[in-house]
Every structure is written in structure tokens, then in C-alpha cells.
Amino acid sequence: MRHPSNGPRQTYTSTSAAEDRAGCNERLTGGCLDVSTDLLAQKYRADFPILEQRVNGHPLVYLDNAASTQHPMCVIDEIARYYREDHANVHRGIHELSSRATRLYEDARAQIARFIGAESQDSIIFTRGTTEGINLVATAWGSARLRPGDVILITEMEHHANLIPWQILARRTGALLQYLPVQGDEGSIDWSLLERRLQEAPVRILAFTHISNVLACLNPANEICAIARKNGVLTLVDAAQSAGHAPINVQEIGCDFLVFSGHKCCGPTGIGVLYGNRAILADMEPYQFGGEMISRVTYETAEWKEGPHRFEAGTPHIAGAIGLAAALAYLDGVGRRAIQSTDHRLGQIGYQKLSTLPGIRILGPRNDRAGLVSFQLGRIHAHDLVAYANEFGIALRGGHHCAQPLMRKLGLQATARASFYFYNRESEIDRLIEVMQTSIRYFGV
Amino acid sequence: MEIDELYQTIILDHSKRPRNFGELPPPAAKGEGYNPACGDEVVVFIARSPEGKIEQAKFVGQACAICMASTSLMTTRLKGKTTAEALDLKRAFIDFLTKDAPPAEGLGNLQAFGGVKKFPLRLKCATLGWHALQTALNGEGHKRL
Numbered sequence: 015m016r017h018p019s020n021g022p023r024q025t026y027t028s029t030s031a032a033e034d035r036a037g038c039n040e041r042l043t044g045g046c047l048d049v050s051t052d053l054l055a056q057k058y059r060a061d062f063p064i065l066e067q068r069v070n071g072h073p074l075v076y077l078d079n080a081a082s083t084q085h086p087m088c089v090i091d092e093i094a095r096y097y098r099e100d101h102a103n104v105h106r107g108i109h110e111l112s113s114r115a116t117r118l119y120e121d122a123r124a125q126i127a128r129f130i131g132a133e134s135q136d137s138i139i140f141t142r143g144t145t146e147g148i149n150l151v152a153t154a155w156g157s158a159r160l161r162p163g164d165v166i167l168i169t170e171m172e173h174h175a176n177l178i179p180w181q182i183l184a185r186r187t188g189a190l191l192q193y194l195p196v197q198g199d200e201g202s203i204d205w206s207l208l209e210r211r212l213q214e215a216p217v218r219i220l221a222f223t224h225i226s227n228v229l230a231c232l233n234p235a236n237e238i239c240a241i242a243r244k245n246g247v248l249t250l251v252d253a254a255q256s257a258g259h260a261p262i263n264v265q266e267i268g269c270d271f272l273v274f275s276g277h278k279c280c281g282p283t284g285i286g287v288l289y290g291n292r293a294i295l296a297d298m299e300p301y302q303f304g305g306e307m308i309s310r311v312t313y314e315t316a317e318w319k320e321g322p323h324r325f326e327a328g329t330p331h332i333a334g335a336i337g338l339a340a341a342l343a344y345l346d347g348v349g350r351r352a353i354q355s356t357d358h359r360l361g362q363i364g365y366q367k368l369s370t371l372p373g374i375r376i377l378g379p380r381n382d383r384a385g386l387v388s389f390q391l392g393r394i395h396a397h398d399l400v401a402y403a404n405e406f407g408i409a410l411r412g413g414h415h416c417a418q419p420l421m422r423k424l425g426l427q428a429t430a431r432a433s434f435y436f437y438n439r440e441s442e443i444d445r446l447i448e449v450m451q452t453s454i455r456y457f458g459v
Numbered sequence: 225m226e227i228d229e230l231y232q233t234i235i236l237d238h239s240k241r242p243r244n245f246g247e248l249p250p251p252a253a254k255g256e257g258y259n260p261a262c263g264d265e266v267v268v269f270i271a272r273s274p275e276g277k278i279e280q281a282k283f284v285g286q287a288c289a290i291c292m293a294s295t296s297l298m299t300t301r302l303k304g305k306t307t308a309e310a311l312d313l314k315r316a317f318i319d320f321l322t323k324d325a326p327p328a329e330g331l332g333n334l335q336a337f338g339g340v341k342k343f344p345l346r347l348k349c350a351t352l353g354w355h356a357l358q359t360a361l362n363g364e365g366h367k368r369l
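Here the protein sequences come in this chain order: A and B.
Oh and the first sequence: position 195 is 209 in this note's numbering, straight run, nothing missing.
Oh and the second sequence: position 100 is 324 in this note's numbering, straight run, nothing missing.
Same shape as in the complex, but just chain A (with noise of 0.2 Å):
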């Protein structure tokens, strides 16, 4: 793995380097170092070709960072160097260049553990991403476990993905799918109320997301969890919007289990984890199967692998493994708490200066906010402000995100949404702001 320090570093020209050098003075504010908001930007920037680039003319402002993050070139390098010098099938393999990518698969699995603080290896699943994470963890213990009248409860912020599995595995075992309601525009979730719940009924597991892809609201995972497991009910914390963008650590939140995307985290697409607690996955019948997580088979029977691997059936996502380590360990030399500060530093400033919009509506809470605001611009219809955004070269996310439940309840068929980086500009949201005013007078409304 190459750290961002010494990983190849390209030189590109910078289309505001001036911008850069005004925007890195650091400033001292109530006695702590409030480093300016450009300055992960300054630092690491380049090392991303991907950003840049000219769309329709104009230099690219990448804001859609929460659907998929962009790859530094020790990634891209990483994956290639992969291909090109160590690939072939993982396991079982006595020849070289096999021993060489069971290694490297098997050492980005323990060093996943380590940056998400996982007790051990074994209770690393490599995934798809995020959706196959929590469809693993529904089918795999919830088919077995639910009991007609048990409880799954989730919030009524998830994600499509934290969801429809939930209600799927509620009709297929009989169990009740309820939800804790968001309240209002803020969309917060009153969390005092959430151990009356989980003594009133028989819930099972609780689901939820530990920050909002729409209303980019923090949900308190450390005391959420803390909770349930008093009350003996198990968690699974959807940490997409989270892995890439703050420090985490399983065994300080207590979750039972925690999963995320590589592609969210400048890794790879088609690579995620699953974290789970050794001893219940320990208890879990496989998900799929096939290669790789056999232990002995005849015409009329088979036996489970034990571990991680039980649970990836068929050649596993090697490149995508190694490559999600390369981001891992790349986000690392980054800093992970700098990362967070930033983005929501950023996540902050487009708020506060969307707000001044006349005819705006922004979900989510005013402060505490992660790094994305999702928002309705007058009657201007997400996909006309999008498609107008495109024009001059930013690129943002319009649609239900995802969320349509959350969306109809709020009364919105679809909301635009920027969300950042640490290697966004402050610059950048000017330069969304600005489109967004010309938007207002282009469409009219």
C-alpha cells in the first residue's frame, strides 16, 4: 500500500490556485487551530486527475460525492499494479503468483479491520457494497431467527438499501417491520424515546443509518447501540454515508453489525464490507453458495467453511479488495478526523450560504450536519436544476436519493443535493451558489 505522501503524485494546474493560497491561512479561534477549509483541498487535490477536467466548458465541480467519492492515483495505480505484476484466483492455489493475491486479499481484509477497529479479520465480510452487506445479514440471520410477532425496527430515514430487505424478511417470517418517525423538516429522530420502544416490543434488531444521505443528520450511533444491547437487541449500523468521511470504530460504537461501500470511500465500485460480531456470525448459515466457501462436499452433502469466508461464495472481488485497502489506508494518511471536520465544515458553509437563496428549502438539521445538503429550489423541479447545474460543469445528484418513503413524508418528490469532500473547495459552493441564483431566473419560478 502506497501512502499519499510518497504514492505518485501527478502535477496538475491547479484552476484556482490562487483561490488555494488565499484560502490556507490558518486562523486561531477560541484558542483551538481552525485550519482553513481549503486546506485538505490544497494538500491532496491533485490527487485526483479525475477533478481535473472541463465539463460543457467549464471546470468540473465534482458535488455528488455521496453517491460515489473519486480515486486518488495510488488507488488507481494500486489496482493496476495488481493486474499487471500479482492476479490470479485467490485460496487453494499452490503457485506463486496465487500465494501473492491470497496475501494481498487476506492483508486488506485484516487491515480493514483495523481501520474500522474490528476485534479480528474473521469478522471482515467482503461484499458488493452496502446493499449486499445489510441483504447478507437479513437473509442470513434473519431467516433463520424471526419468529412471527418479532420486531425489526428501523428509522423512517434509511435508505432504500436498509429497508426493502427489512420488509421483505418481515414478509417472509411474519415478523412486524415498525419504524422511529423523523420529525420535520430537520427530519431529527427523537432517540430518548428509543428504549421505551425496545421494552414495549419484541424487537429483534435494530437498523439504522449513522448519517443520513438526504438529511445528512449524525445519528448517535455510540449511545443507540449502548442501548439496544442493554435491552438485548441486536444493531447493524449503515455506515455508507460514514466509513469514508469520520473516524469509526466498531467495538467503541458496540454495534453487532456495520456496513459500507468501497466506491464511497475512493475505493473501488463492486466492493463493500461487512463487519460482524464474530460469535453471531459464528451462528449464521451461509448467504450464497458455491466455490470458495466449501469445506467438503459429495453428491449429497456439504459443509461450511468456517469465518468470513463462509459467506463469500465464488471468486471473490480481489482487485476491488486490494484497491479498497490502497483507499483505506490512502484515507489514513489523509487523516480521518481532518476528513470529518472538513466536510462538515463544508457541509456547514453550503447550507449557510444555499440558505440565503430566495424560495429554498433545505432538509436536515441547521447545525451538526455531515458534508451533503439535499435541497428544493423554489418550483424548480430537481432534474431541470440538475440538468442546468451540468451546464456549467457541477455535477449534483436530483432524485428521491434513494429515500421515496422519507420523500413522501416530507412532501417532496425529489430534492437536489450537493455533497462534498475534503477535496472540495470553499470556492466550489460559490460557484454552485451562483449557478443556483442564475437557475432561479432561467427557469422563472
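It is possible that part of the hints are untrue.
Unchecked claim - Here are the simulated lysine-lysine pairs, DSSO-like style, with alpha carbons at most 27 Å apart:
1. B:Lys-240 x A:Lys-423
2. B:Lys-254 x B:Lys-314
3. B:Lys-348 x A:Lys-423
4. B:Lys-240 x B:Lys-342
Said to hold, decoys possible - Some chain B residues flagged as far from chain A (calculated, every beta-carbon gap over 10 Å):
5. Leu-248
6. Ile-290
7. Gly-330
Just so you know, these hints were derived from the structure itself, not from any lab.
Even glycine gets a Cβ: it sits at the ideal position worked out from N, Cα and C.
Given chain A, work out where chain B should sit, using these hints.
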């Protein structure tokens, strides 16, 4: 700007001030169109004379500018048409957006949507109202894209 090809003046005009916006009571035929990709919804109402000619076309819905304008313009083009003629116009419009052939005769101001060809992701926006129209004319009630 290239986007002006998509959002032609007539399209922006119809999206801001949709014509024939509203419902028609039964026995007018009703057809719903829903695009799950974006949540856009339109409902088209068609009143026909005893001879089967369209007397009135109205619609309601919440959708993007392209979809609103396309449905609004559509409603202005249907009066006096038979079901077959209305479906011919639908076919000509969709062919115009999806095929390289020159626009069919009689397309008229619907050619304003030619910019959609450069934005294939917006094709469904431009055609949702037309699918709802077909649903209404065929008496199917609901069309999901």
C-alpha cells in the same frame, strides 16, 4: 448554451404556464403516468364526443419542466382527433425523439423537443404524458414506465 436546445422558449413557457391544467370528471377517460426513476407523475383526462373524437384534453401532475411542457403541448394538439389520429401523433413524436429519420409531417411545434435527443436521460420525461394519453385512450387507467 447547449442547454437552451433542451429548454427551448416554448418549453419553458409551457412548463411555467401549463395549458389545460386541471381534471375532467367522469365519464372522461383517465390515464396515469408514473416514472419511478424520478417520482414524476402526470394524469391525463380525455373527453370524447359520441363520434369518438377528442373534445377536450386536460392534465394534472408534478413533474420536471420537460415533462410538464410536453404534456401541456400535447393537450393543445388533440382536439378533434380520433383515437387513431392521436396515437399516430404519439408515435410520430416518439419516433422523432428516438430515430434519426426526419420529423414526420404534422409534428409542428412538438419539434421543440428535438433537444431531448442530445439528453437521452430526459427521453422518459418528454414521453411520460404521451404514455399516459395512450393509457387513457385505451382505457387501461395506469401506466408505469
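Hint check results:
1. For the proposed pair Lys-240 of chain B and Lys-423 of chain A, the alpha carbon gap of about 26 Å is at most 27 Å, so the pair holds.
2. A hinted pair counts as satisfied when its Cα atoms are at most 27 Å apart, and Lys-254 of chain B with Lys-314 of chain B qualifies at roughly 17 Å.
3. About 25 Å separates the Cα atoms of Lys-348 of chain B and Lys-423 of chain A, which keeps this hinted pair within 27 Å; it holds.
4. Between Lys-240 of chain B and Lys-342 of chain B, the direct Cα distance comes to roughly 23 Å. Compliance with the 27 Å bound is thereby established for this hinted pair.
5. No Cβ of chain A approaches the Cβ of Leu-248 of chain B within 10 Å, the least distance being about 23 Å, so the stated non-interface status holds.
6. The beta carbon of Ile-290 of chain B sits about 8 Å from the closest Cβ of chain A, which is not more than 10 Å, so the claim that it is off the interface is violated.
7. Even its closest Cβ contact with chain A, about 28 Å, leaves Gly-330 of chain B beyond 10 Å, as expected for a residue assigned away from the interface.
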